[in-house]
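Undergrad: Position chains B and C relative to chain A; hints supplied.
This is what each chain is made of:
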Amino acid sequence: MRLLNRSAGRLSRHRRGPLAGLAVLLLGLLMTGGLYAAFAPAQADSTQSQEDLVKEGRELFLVGCAFCHGQNGEGVLTQDGSQYGPALTDVGAAAVDFQVGTGRMPMAQPGVQVPRKEVVYTDDEIDALAAYVASLGTGPSVPDAELYDPDTLSEEEYDDYVTRGGQIFLANCTACHNFEGSGGAMPRGGFAPNIRGVDPKHIYEAMLTGPQSMDTFSDGNIPPDDKKAVIAYLDTLNEQPNYGGFTLGSLGPVSEGMIAWLIGIGGLVGFAIWGAAQTTRTTEKKDGADA
Amino acid sequence: MTDDNTIEPAGDHGHGHGGNGVPDEPIANPGLPAHLPRPTDVDPQKEKRAEIQVAALFGLSAIFTVLFAVSYFTLDVGDNWSVFDVLNVGGSTVALGGTLGLSLLFIGVAITHWARKLMGDHEIVEMRHPAYSEEEDRQRALNDLKMGFEETGIARRPLIRNSALGALALLGVPAVVMLRDLGTLPGDKLEHTIWGRGGQKIKKVVDGKEVTVTVPLMRISRDAIGTPILASDLETGDLVNAQPEVLFNPERYSVELEEVEGVNLQINKSKASLILLRMDPADIKPGKGREDWDVNGIVAYSKICTHVGCPISLNERTTHHLLCPCHQSTFDLADSGKVVFGPAGRPLPQLPITVDDQGYLVAQSDFTEPVGPSYWERDYDRDRFAEDD
Amino acid sequence: MSADNGLTTGKVATTNGTEPASPTRSAKAAGAVANWADDRLGLAKATKGMSLRKVFPDHWSFMLGEIALWSFVVLLLTGVFLTLFFDPSMTEVQYQGSYDPLRGVHMSRAFASALEISFDVRGGLLMRQMHHWAAMIFIGAMMIHLMRVFLTGAFRKPREVNWIIGCLLLLLGTIEGFTGYSLPDDLLSGTGMRAADGFMKASPVVGTYMSFFLFGGEFPGDQVIPRLYSMHILLIPGILLALITAHLILVVYHKHTQWPGPGKTEDNVVGPPLMPIYMAKAGGFFFIVFGMVALLGGLFTLNPVWKFGPYDPSKVTAGSQPDWYMGWPDGLLRIIPAWETHLWGHTVSWNIMLPILIMPPLMLMVLIALPFIEAWVTGDKREHHLLQRPRNAPTRTAVMAALVTFYGLAWAAGGNDIIAIKMHLSINQITYFMRAAVFIGPVIAFIIARRWCISLQRHDEGKLLHGYETGVIVRSPDGGYAEKHLPISETSAYVLTARDRDEVWTPNGTADEAGVAAPGGKLAEVAGKVRGKLSEAMFADNVQKPTAEELHEGQHHAEHELHELEGQIAAGPNKHGSSNDH
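Residue numbers (numbering that gives the first Met the number 0), protein chains in the order written: chain A, 0 to 290; chain B, 0 to 388; chain C, 0 to 581.
Same shape as in the complex, but just chain A (with noise of 0.2 Å):
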């Protein structure tokens, strides 16, 4: 895609010159000529399906998009000069495939913060919408696998990146996110979510684009290896068994207080009652005392 605008840029610089038109001429027909024959077709065709790609991201922006973001992607904003849908000219492919592949995006209703749901789109839609966005601008691709996947790490180095990372976790992210990504409060009405079980992408993205009123964690803040590590950290927490039996949501002591109360308390208040209880009385006589 950036390939595509850089060399349209520099041809539109030689255009002004008098002999830019038969430079281009030239340009072209080596171009499409020498090039084509030599190795283009596999690139072609990517350059065509790339094409394609945008063109039907465009399409489905249109449809499901535009309302809020404006047809360009330029955002909308309302008559009191708030953003209605704030512009993504340069928020990238990451951003995209976060947004929508978390379903998120397309927002519901508006709201204080948009909340996760059940994913609208394909994944391939997915991936045409990402790369309609990115060809607005500038901003984070969707990262590969090997920047991410704790799967692609070898047994000794997890063990090293889920210690690193643990404490990168502690120290950057739990502060919002709660110990064991459960999530928190935030101002107003705005929540940091779950992140118990997201899939390391999404994590990964989100640390890349910081979606909604989450800060950003770019590469320059926090390295990707680094980034790689904490979603380690979340696979063995995912992983790891309860070791002390079941954690009530891992909020913390409000909970735990909740169950001290209702379970602990309460049955053994029920336990009380039934001990105290009268016992079932009986008008009869024992055997043979009546007789």
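Derived Cβ-Cβ restraints for the label pairs, each shown as a range: (1) P360/C / K47/B: 57 to 67 Å; (2) D279/B / G110/A: 16 to 26 Å; (3) S253/B / D123/A: 55 to 65 Å; (4) A168/B / T505/C: 39 to 49 Å; (5) Q108/A / D187/B: 50 to 60 Å; (6) E290/B / F66/A: 37 to 47 Å; (7) L247/A / D279/B: 40 to 50 Å; (8) L76/C / D187/B: 42 to 52 Å; (9) D282/B / Y83/A: 12 to 22 Å; (10) N79/B / G30/C: 49 to 59 Å; (11) N79/B / G110/A: 44 to 54 Å.
Simulated from the structure, these hints should not be mistaken for laboratory data. Model, not experiment: these values are computed from the prediction. Where a beta carbon is used, it is the ideal one built from N, C-alpha and C, also for glycine.
TA: Okay, now just chains B and C, sitting in the frame of chain A:
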């Protein structure tokens, strides 16, 4: 007390309110109801059944106790936990707790059931006696007390009384003084952090000669990762949880290792922890005297809440509002860290930053005011940059 | 009939069961052992003070304190096990234990040994969790026990001292819980210590010194955990044990209170004997409490320290709450506005002092003072051993309702972030709401509880005078409908009337009161007037039980109505067939 088959009103038994025309009790105390037997008392079959139930409960308990021992020896802990796959729970804890719990519960239930169904169930009556002593005893004790005091002569000899009281009161002094060595005195420790180490001139012995060297300005490092941060590393919207580089690289700042490890590491972190945020420079409303405290929209604030000191890094990128997870104080990082919500009483201290010649983010100086929770001696007028409002 | 207990019990023996019907072999063996012991120790003499046949009345609400007692025993047992493995040192070590994700991380010995207990000691995690669950139940049980004692009037003379001991137990239990919460040195407990450091620093004049002395220098130092440890396992449990003993001795000495009922008076106590019924039930209940704690410990994760990681002053987790019993001051700390005063170079942090340093001690003092306030207002100097139903002391019940509402709202404010995410609300809105609710809520609760009690009293009076509602609707010949009421049983009627009539205290009520008031002069006079007004307000609108005449009249009237109704049934359309025959 009475022999006419009635119970007197309860209030008349004591002492106090009697005799001011309490109306008659509407219903006389009918007395203890007749004792009725339980089914297990009259029906041998039911008695037998209850007996078997109780024994069965004890038996169940024994079974679970055995299961407890079996679980103890068969289920692994350590680095190879046995896991109950269906529930995805640690086998040892759940099995031991479950079996122990049930074995104890069954004993408890068995005993209670036994008491309810089979033990003698006649209620008996015991008479109460007032809590106070017999008048005679009370008088005797009071007399003894009085006599004792009189024999000491404490009322007649105020000199002895006062000197004794004074001497005893003074014994509080050792009790308080002895606590002195519990800790060092605060001094001005709360007013400084290790950020101030950067840029200091220190004396150092190099090749046997004492020379004065200037410590480089303190670089800002990523927390947990430990690498210093280039201003160009950060994109708009980035939030970095950061620490002074000296914690990871003490030699560069001529600091001994023990100053940044163990307890000293914890103490330093408890004051020096930092958050960096890169925002659109247009969003920043710099406070008076803080115009050059940011680097291209990168601002640095103390991570320690000014309320009770929780680390605070729940930032809303869109509003630059930073929320404390402990008590929800909210600070505006675009506006000198002012409190916009919650119990914190003063803004989050800002760290003036700049870049060094290699492009790394560094602190211009220490914080200009004490970080963390307020304390009695905290003097606003001594803040190196007093608040402008 | 036994003359000495003032009771007419008809054909029922009053003190039956002094001898077993037929001594069994095991009873004989027990007797032999007892003889052996008495020969040497004179134990039988001791049972003069507390007979083995001592009476304990049976009621479920009398078991609430027992939950607390037995969970304390569980705490001692599990706590001793934990001390065998726990090392309270704050020396830094590099973890090399079994829990992979933390291997290689630097941490304190205390945290490393907490991990060792959790992962390398079989049953260690269970014991840790049982200890913690038992602590939460211990304090919860003390609180519901306190409420039971208050609502039934069991705190009245002669039991005020035991009330004070109970309040101190609640305080000490809370402190004990907080010190224990801090020991593992995990992220959550460290965050709690950090807050405690902030609380201390907020104390005027001596704050920073308190903090530096507790932490052995600057926070977090390397001293605080060993110091809290010795308090947690030695000092506080020792005092707790002593106070619990005193509490129980006083229960034995005063004899347990009882609910009013047939045959029960202020002068007796009716119930099963200590040996064997009460002992069996109490002993059985110990196993039930122990078993319940073990089940909780085995089934529910509590404080998963391995996920929090070691304490690091730069880290924090969302949902950083204290244990539930510290939740209410934490809630006040969340909703207090940002009040800080700067005076002459000093800072006064009202935003910390009010919720933490002032409110909890104040609340405790209010609790301790409650029995004395009530006794002063009512002028009641009698001993009380019969309990009151909460409805029969509407103002007292309403006071507790107000206190509980305040507590509950502050407590909920302590979980405002969890409420926000679970109920999709804004923490800001919750906080604003709570700021008003902690003031308004208790007032509303007071009014509702009081009126509710009074209406229940009216309902009782209705049952006494008019009988109970049968649910049978009768239509009269002229088309009106009426419900048939039938008289309640004598026992139920007696239970409803077995309560004192409220007496309003007046400044010149009795001679000795007036005599006391006189020397005080003006101030005493004003105090007396206030007292009179309070006493009047306390009992205003209460429904008093009927006098004998009123009851008689009411019953007569009800009988008459019933008769009329039955006549109508006979005459009216309810009667099928030949109703005209009469």
